[in-house]
Amino acid sequence: MSVEQAPAARNPARSTHHSAHESAVWEAQNVSVADVERQLQRNLRELSTPIAHGTAAHPPPRASVLNLVVHADEDGEADRASEAMASLAIRHPSRTLLLVTAPDAATDGLDASVRTQRARGPGGQTQLCFEEVRLLARGATALHLASVVEPLLMSNLPTYLWWLGRPPGSNDPLLRLCDRLIVDSAEFPDALAGLAALDACAAGSDKNLELGDLGWRRIAPWCQLIAQFFDPPDARPYQHRLRRVTVEYALTPSGVVSAAPLLLVGWLAARLSWEPETVTTARGALDSLFTPLQPGADGEGITVRIRPRPSSHLPAGALLAVTLAAGTDATAASFEVRVGDDAACGITRAVLPGVREIERTAPLGKARPAELLAHELERAVADPIYAESLAMVGRLVR
Amino acid sequence: MVDAARAQAASTSPTTASPAPDALDAALLAPTLHGEEPNLLREGLRRERTAPPCALVIFGASGDLTSRKLIPALYDLALQRLLPPEFAVVGVARHAYTDESFRNMLRETAEEYARTRPLRPEVWESFAAGIYYLRGDPSEPETYARLGAQLDELDRTRGTCGRRLFYIATPPTVFSAIVRELGAASLNRSEAPDGWVRIVIEKPFGRDLTTARLLNRTVQSVFRENQIFRIDHYLGKETVQNIMAFRFSNRLWEPLWSEQHIDHVQITVAESIGVEDRGGYYEQAGALRDMVQNHMLQLLTMVAMEPPVTFEAEAVRDEKLKVLRALRPISPAGFTQQVVRGQYGEGWIGGQHVPGYRQEPGVAPNSDVETYVALKLYLDTWRWAGTPFYLRHGKRLPKRSTEIVVQFKPAPHVPFGGAAALGLDPNLLVLRVQPDEGITLRFGAKVPGPVMQLRSVNMDFYYGSSFLVESPDAYERLLLDCMLGDRTLFMRADEVEQAWSFVTPIFDAWAREQPAFPNYAAGTWGPAAADQLIRRDGRHWHRP
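Chains as they are written, first to last, in this note's numbering: chain F, 1 to 398; chain V, 1 to 544.
I should point out that these hints are in silico values taken from the structure, not numbers from a laboratory.
Do not rely on the hints blindly, as some may be mistaken.
What the hints assert, rightly or not - Okay, the calculated bits of chain F under chain V, using three or more residues with CB under 8 Å as the criterion:
1. 66-79
2. 151-162
As the list claims (entries may be wrong) - A few chain V residues facing chain F, derived, Cβ under 7 Å:
3. Leu40
4. Gly44
5. Pro85
6. Pro118
7. Val123
8. Glu238
9. Ala270
10. Asp537
11. Gly538
12. Arg539
Just so it is clear, CB atoms sit at the ideal spot from N, CA and C, and this is done for glycine as well.
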């Protein structure tokens with residue numbers, strides 16, 4: 001994908017780093033929202049004039065699908081988000097508002113930068129155009145973000161809010177503006193509390209707030225591989241006879257349990273109608289006893305253990321292995337997914353005694369936030385399975 | 001003729017008359033419906049459309065289709081975790097491969113043809129461990145005895161559950177023998193409680209109506225119609241499916257989609273390449289067989305069909321069949337007004353000199369095979385009465401482009417008078433299939449200024465600009481459909497026969513006359529007669 005040489009910005013306030021994809025950049029301090037709106041229109045008009053040596057006689061198409069609002073509490077977060085956005089923008093032409101809040105700043109006000117980009121699609125002829133608005137809200141302005149965001153949203157498009165770091169409070173005004181809240185549960189400092197707060201956030205919203213979680217997308221391949229264990233008809237009965245589930249994850253620096261193993265257990269329990277009986281947590285480990293309620297289950301309890309393990313080649317909190325043991329003694333079957341030597345691959349192994357043993361290697365999917373976010377943005381409706389899994393995690397806390 | 005086809009359809013297509021016991025597998029829910037109990041963990045993941053455990057048997061496994069299309073597509077499915085661990089492939093051919101050398105050969109080609117490259121060694125190794133090779137003569141019963149034994153063994157060791165998908169990737173000549181032998185060895189049905197057997201047939205489905213019928217009878221004497229998957233990879237293309245999405249998920253177009261508002265429709269499949277190294281094949285086929293009878297008539301059905309009740313196989317295919325049945329036969333009297341054929345001579349494409357068709361390798365120096373066809377068709381239906389459909393396809397045209405142009409009738413009254421409307425062309429809707437898949441809508445707008453001056457403007461939409469995901473290869477989609485038992489994007493026997501019954505008289509008429517070939521230069525938009533065909537009606541071909 002190559003980028004057209006840009007019309008120069010009319011009043012670049014100061015020089016900035018230009019990435020390879022940038023075309024029109026405008027930056028200013030202490031601006032009003034109206035200034036930003038005007039600048040967006042100006043950039044668009046300039047991009048609509050025919051390219052000097054190209055053949056396009058009309059403006060680059062803006063096939064807009066959604067508004068993306070990104071909320072960051074600190075510069076470090078904002079830079080990470082911006083980086084993710086840079087690779088995403090090329091693939092996803094929507095208006096992005098990146099909000100950085102500094103409520104403790106000495107002065108109130110808004111600093112803004114606007115980038116309007118034009119790029120060619122892989123086919124060569126496709127011209128795309130998209131905008132990124134970065135806003136630093138200082139002082140009291142940071143407490144009234146909804147009033148900043150609303151005028152800058154494109155009308156009649158769904159608005160997704162990507163909230164970095166810990167989850168928002170359940171009555172944050174930005175939640176009222178958006179149709180979907182996207183978080184990355186792997187970033188929650190305390191996953192158990194964070195997931196419970198997120199569940200409360202969805203339950204407490206007056207409209208149907210959809211939830212997206214990059215952490216959920218990260219474990220989706222695990223769920224997919226585990227589900228596949230029970231596709232052969234002769235393996236299906238085992239899902240009613242599970243006895244022990246062990247989930248191992250990469251030890252976190254804080255020593256508390258991470259979100260990935262909790263969501264995985266939440267998913268299993270919600271799908272298989274397991275009722276939590278007891279829960280104990282200590283030093284990053286979690287032990288829980290479940291009673292199966294699904295029809296066809298044999299009524300025996302299921303012991304679930306979540307255990308941390310040091311890992312040198314995987315990020316803290318990531319899943320390392322999931323083992324399901326079913327049945328007893330002579331008919332005991334086991335199903336396991338574990339990270340392979342190549343951390344991007346999982347090795348699955350199903351042992352059905354007297355029937356067969358099957359092992360294979362499958363990719364565990366992409367883990368970069370930009371890719372996970374791209375997947376999340378592709379989904380027109382939020383995943384109801386996530387909401388149910390999250391609710392199950394919420395019940396483990398209560 | 002129509003009645004005969006209908007009777008044929010009723011007698012050979014059990015699913016249309018009364019649902020067969022396993023008609024349920026047309027639903028997308030295959031993984032949950034096959035077993036006695038559902039896989040509870042699959043809920044919500046169902047949209048991923050994961051293939052159920054099964055074995056794929058490829059006849060003609062040493063050929064290009066296997067190594068360039070099927071195996072790379074399967075590998076890409078494995079990469080997306082859409083293949084179950086139990087999945088197995090058995091390649092059957094005469095060539096002296098071992099399991100090991102067969103896998104090595106496939107790996108080399110997959111390195112080149114897989115959508116996602118480079119290959120990931122661990123994933124490939126794991127996928128390839130389920131690939132086996134069976135050396136055998138497809139016309140020998142003994143091959144099938146060994147095949148049956150191997151499949152039973154795979155059921156036991158890998159858990160393929162008595163589910164077999166036979167993929168016939170051989171030249172058409174061996175085709176009937178394979179089908180017969182599969183039947184003789186009782187491999188056309190599964191004994192397992194959750195088992196199934198399906199057969200995938202590649203084009204060409206015959207070379208005229210007679211041979212197509214013969215082929216259908218042969219296959220249907222061994223397999224029921226709902227076991228048969230006739231693959232037209234064109235239908236697996238995202239872009240082609242988008243035509244249906246565009247028409248049937250929007251309220252906006254359907255009220256306008258008839259002779260009342262549409263002046264005419266043009267379907268163009270232009271290729272800039274010649275016959276490449278396929279001269280020998282093309283000499284037997286020609287443009288009408290190679291592209292028009294199958295792909296272009298399928299595009300026509302998608303543009304012209306009535307809205308199906310559901311997007312399930314029989315509902316969609318019933319509607320497509322109705323379009324083919326409504327094609328007005330081309331009368332001998334109108335033949336020259338409605339059909340034009342052409343063959344390219346030498347010329348220039350993209351600044352390069354290229355030889356004429358008769359100079360291509362594998363082509364007879366006096367060949368009468370057409371490399372260009374233009375057709376003017378009518379559909380005798382309430383919706384389309386009087387609306388011409390212009391189809392054209394050719395090789396060595398100036399650029400590669402597949403598109404459907406829907407030209408609307410002019411506004412009934414333009415109130416701006418005189419010179420104001422001079423710059424105004426009729427409304428146009430262009431569905432671009434490739435390259436740069438998208439939609440263009442042309443409408444009139446006022447030129448800014450103190451006078452009322454109108455001009456046509458184009459509004460472009462590109463699919464690639466709205467969606468992030470890379471489109472899967474057509475074979476990925478279609479192989480997954482076969483394994484899930486979804487026949488929506490496959491052709492039914494009656495569709496194939498109906499298409500042939502429309503096209504066959506054109507061959508007959510051509511056979512009676514010696515064409516003056518070559519009649520267009522490579523790098524031009526086809527013979528002059530094709531321009532006349534549409535100009536006669538006061539219209540012109542749109543430039544893609």
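To see whether the hints hold, each was checked on the structure:
no.: 1; hint: 66-79; result: violated (count 0)
no.: 2; hint: 151-162; result: violated (count 0)
no.: 3; hint: Leu40; result: holds, 5 Å
no.: 4; hint: Gly44; result: holds, 3 Å
no.: 5; hint: Pro85; result: holds, 4 Å
no.: 6; hint: Pro118; result: violated, 13 Å
no.: 7; hint: Val123; result: holds, 6 Å
no.: 8; hint: Glu238; result: violated, 14 Å
no.: 9; hint: Ala270; result: violated, 16 Å
no.: 10; hint: Asp537; result: violated, 29 Å
no.: 11; hint: Gly538; result: violated, 27 Å
no.: 12; hint: Arg539; result: violated, 24 Å
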